[in-house]
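**Student:** Chains as they are written, first to last, in this note's numbering: chain A, 1 to 247; chain B, 1 to 247; chain C, 1 to 247.
Derived from the structure by calculation, the hints contain no laboratory data.
Do not take every clue at face value.
[Stated by the list, open to error] Ranges between beta-carbon positions, derived for each pair:
| # | chain 1 | residue 1 | chain 2 | residue 2 | range |
| --- | --- | --- | --- | --- | --- |
| 1 | B | Asp91 | C | Val132 | 31 to 39 Å |
| 2 | A | Asp170 | C | Val132 | 14 to 22 Å |
| 3 | C | Asp157 | B | Ser58 | 51 to 59 Å |
| 4 | B | Arg136 | A | Thr94 | 24 to 32 Å |
| 5 | B | Ser58 | C | Glu212 | 45 to 53 Å |
| 6 | B | Ser58 | C | Arg205 | 53 to 61 Å |
| 7 | B | Asp210 | A | Ile5 | 37 to 45 Å |
| 8 | A | Asp75 | C | Thr143 | 51 to 59 Å |
| 9 | A | Asp75 | B | Asp179 | 22 to 30 Å |
| 10 | B | Glu219 | C | Arg205 | 55 to 63 Å |
| 11 | B | Asp198 | A | Glu23 | 20 to 28 Å |
| 12 | A | Asp160 | C | Gly232 | 40 to 48 Å |
| 13 | A | Arg95 | B | Glu177 | 19 to 27 Å |
| 14 | C | Pro208 | B | Arg136 | 53 to 61 Å |
[Claimed, not checked] Which chain B residues face chain A? A few, computed with CB under 10 Å, are given here:
| # | residue |
| --- | --- |
| 15 | Arg95 |
| 16 | Asp112 |
| 17 | Ala144 |
Small disclaimer: the values here were computed from a predicted structure and weren't measured.
For every residue, glycine included, the Cβ atom is placed at its ideal position computed from N, Cα and C.
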Amino acid sequence: MFDAIVSAQTLGTALDSVGVLVEECKINLNEDGLAIRAVDPANVGMVDLELSAEAFESYEADGGVIGVNLSRLEDIAGMAESGQLVHLELDEETRKLHTRIDGLEYTLALIDPDSIRQEPDIPDLDLPARIVVEGRDINRAVTAADMVSDHIALGVDEGDEQFYVDAEGDTDDVHLELDREDLIDLAVGPAHSLFSLDYLKDMNRAIPGDAEVVIELGEEFPVKLHFDVAEGHGAVTFMLAPRIQSD
Amino acid sequence: MFDAIVSAQTLGTALDSVGVLVEECKINLNEDGLAIRAVDPANVGMVDLELSAEAFESYEADGGVIGVNLSRLEDIAGMAESGQLVHLELDEETRKLHTRIDGLEYTLALIDPDSIRQEPDIPDLDLPARIVVEGRDINRAVTAADMVSDHIALGVDEGDEQFYVDAEGDTDDVHLELDREDLIDLAVGPAHSLFSLDYLKDMNRAIPGDAEVVIELGEEFPVKLHFDVAEGHGAVTFMLAPRIQSD
Amino acid sequence: MFDAIVSAQTLGTALDSVGVLVEECKINLNEDGLAIRAVDPANVGMVDLELSAEAFESYEADGGVIGVNLSRLEDIAGMAESGQLVHLELDEETRKLHTRIDGLEYTLALIDPDSIRQEPDIPDLDLPARIVVEGRDINRAVTAADMVSDHIALGVDEGDEQFYVDAEGDTDDVHLELDREDLIDLAVGPAHSLFSLDYLKDMNRAIPGDAEVVIELGEEFPVKLHFDVAEGHGAVTFMLAPRIQSD
């Protein structure tokens, strides 16, 4: 069984973080909250979302799994006005999800979970560098890099104790340096990897400007981006595989 | 003759209600105000607009009829800044409408009224159910229904004393129930009819969110939607023919 | 050498006035400020921009010339948040322009100035009529004229002491009259010329609504539009060649 009430904004923000990577996903209706893990079709970007029962006005579940069309569910959350609640109730028999917003009921057909790409195991990497930065600085870097290139290097300068972002275009270059003063926190270590800008742009769209984002980075290793949602009652982890260095 | 001054906002709002259905229309320049009746080319949706002389800053007319291109006239009203007045003056000789907004004069060529589709007779139906609802609730229902279907059922549950909206899609359904508490007023009666969502979406665009909309409804009968404009000095009535029930 | 710091807004506004006419331009890095002169490929519209050293937070230059892609430089200025400064520094050796906004560095490849269309000599015409008007009145006239025609007549009625704008379409006409009361200043003289609306629309986009615009006008002569930018520390002059009268 599953019966929960949550603010439309909390639901929307949480779903958006998954929706930037995949169109359909499995939602684990655990006793202590929702959990979603998904990987994009090219196996390059992964997301792990946890939304604990405390993020909800009320929450009851007993461990089932449902498959949903994410953009549908995001549209439903988007119909609510600011401050409105969404009531979600699973009808086990018909395999439909009843959603209610102040008298308006939307009955969402579920997708057979077995038809959805398998949930990835997000590897527990021990990455040598750890940077904590505001979401808006990621946005600045990604926006600027997008003007010149389709890939982006993230790295740490151990000597100068700086986190840097590099994008090299055919004619123009973009370079961002953030030192301890600009960052919330920094643990230096050998780190420099190249990433596809398309994926980072998608992930960036899901990162609130005022979020504290923990970046874990290594040398030619995947990057992990971690931030809280739902006032600390939820957490999102993105993982992005590196591109082969072009030179 | 016709010589009138009206706020750009009043003129714009009034014309928009007709403009959602037709591109050209006849305007009756009656002594006591403007009147427009029009029907869309498929004879499915009708509109009846009355804008009394009290809605104008000044108004003089003697009963003529002019044919206008509505989007042109809406564009003219749209050029005004908030609070500006539009001066409309008919030149009988040249058959042009002179419009002036603070020194800017736009001379609009009129259309031969005989070349415009005939004005419909809006039937005086005696519909058994009457619902009074806020414009924003119509907007919610239409927006949600549009996510799943291209038609929509409006009806009244006489037992539960509820007005309901139903849209059934291939996989998902939308259902809105409004009881006496949610409605401004309700007179129950046997009522359930199916309508094209395209037309209701167009009509909805012309309904202010804070308008009190009177809905008159029957069983497999047209629906009438009635609301005031121009602070009560104008009135719009839409009528929409039902679709054949699909099942 | 060239090393300057300027508010992103001042830089953006100044560049926009040139960017509406050409994609690439030469920038003269004079000791007392920047100067740009450019003419569009059809030799119909010209612009002369001067931005004095006082418009900058700091400014050092020794008379060189660089060639830039304007939309690139406008995009860079556009990346800044309100109130942020842009640091511009020329690397003579690599012929690149280093731009920095709060830790973010964008390295812009320059264009060989010899490959850019030659700077025009803006003729020193002695035009008989001089009108001073608010930028927003030019916007009103251009917006309205655009609804009916692709050309526009500007003129002065010497008897009525009025500045007027005329646009004649196939069916509709637009006419704007501004007398001494509506204008900031007026020196009458014989003036009536026809212009391409496309060019005036582009120039209008670069004119702030609250700018005082000096219009110099004659009979079948080019029009000059002059206004200040950067709080008086910069000046833009547009010149537009007349069209042959169509009748």
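**Student:** Hints first: check each against the structure and report whether it holds.
**Tutor:** How the hints compare with the structure:
Between Asp91 (chain B) and Val132 (chain C) the C-beta distance comes to about 33 Å, which sits within the given range of 31 to 39 Å. Between Asp170 (chain A) and Val132 (chain C) the Cβ separation comes to about 47 Å, which falls outside the hinted range of 14 to 22 Å. Between Asp157 (chain C) and Ser58 (chain B) the beta carbons are some 28 Å apart, a value that contradicts the proposed interval 51 to 59 Å. Arg136 (chain B) and Thr94 (chain A) have their C-beta atoms about 31 Å apart, which keeps the hinted 24 to 32 Å range intact.
Restraint check, Ser58 (chain B) to Glu212 (chain C): a C-beta distance of roughly 35 Å breaks the suggested window 45 to 53 Å. At about 37 Å, the beta-carbon gap between Ser58 (chain B) and Arg205 (chain C) misses the expected band of 53 to 61 Å. The supplied range of 37 to 45 Å is broken by Asp210 (chain B) and Ile5 (chain A), whose beta-carbon atoms lie about 28 Å from each other. Range check, Asp75 (chain A) to Thr143 (chain C): Cβ separation about 36 Å, and the 51 to 59 Å hint is violated.
Look at Asp75 (chain A) against Asp179 (chain B): about 26 Å separates their beta carbons, and that is inside 22 to 30 Å. For Glu219 (chain B) and Arg205 (chain C), the hinted distance range of 55 to 63 Å is satisfied, since their beta carbons lie about 57 Å from each other. For Asp198 (chain B) and Glu23 (chain A), the Cβ-Cβ distance of about 27 Å falls inside the hinted range of 20 to 28 Å, so the restraint holds. For the pair Asp160 (chain A) and Gly232 (chain C), the beta carbons lie near 42 Å from each other, so the given range of 40 to 48 Å is met.
The hint said 19 to 27 Å for the Cβ distance between Arg95 (chain A) and Glu177 (chain B), and at roughly 23 Å that hint holds. Roughly 37 Å separates the CB atoms of Pro208 (chain C) and Arg136 (chain B), a value that falls outside the hinted 53 to 61 Å. For Arg95 (chain B), the interface hint is violated, the least distance from its beta-carbon to any beta-carbon of chain A being 48 Å, above 10 Å. For the restraint placing Asp112 (chain B) at the interface with chain A, the shortest Cβ-Cβ distance is roughly 46 Å, beyond the 10 Å limit, so the hint is violated.
For Ala144 (chain B), the shortest C-beta to C-beta distance to chain A is roughly 6 Å, which falls under 10 Å, so the interface hint holds.
Going through the hint list in order, the structure does not satisfy hints 2, 3, 5, 6, 7, 8, 14, 15 and 16.
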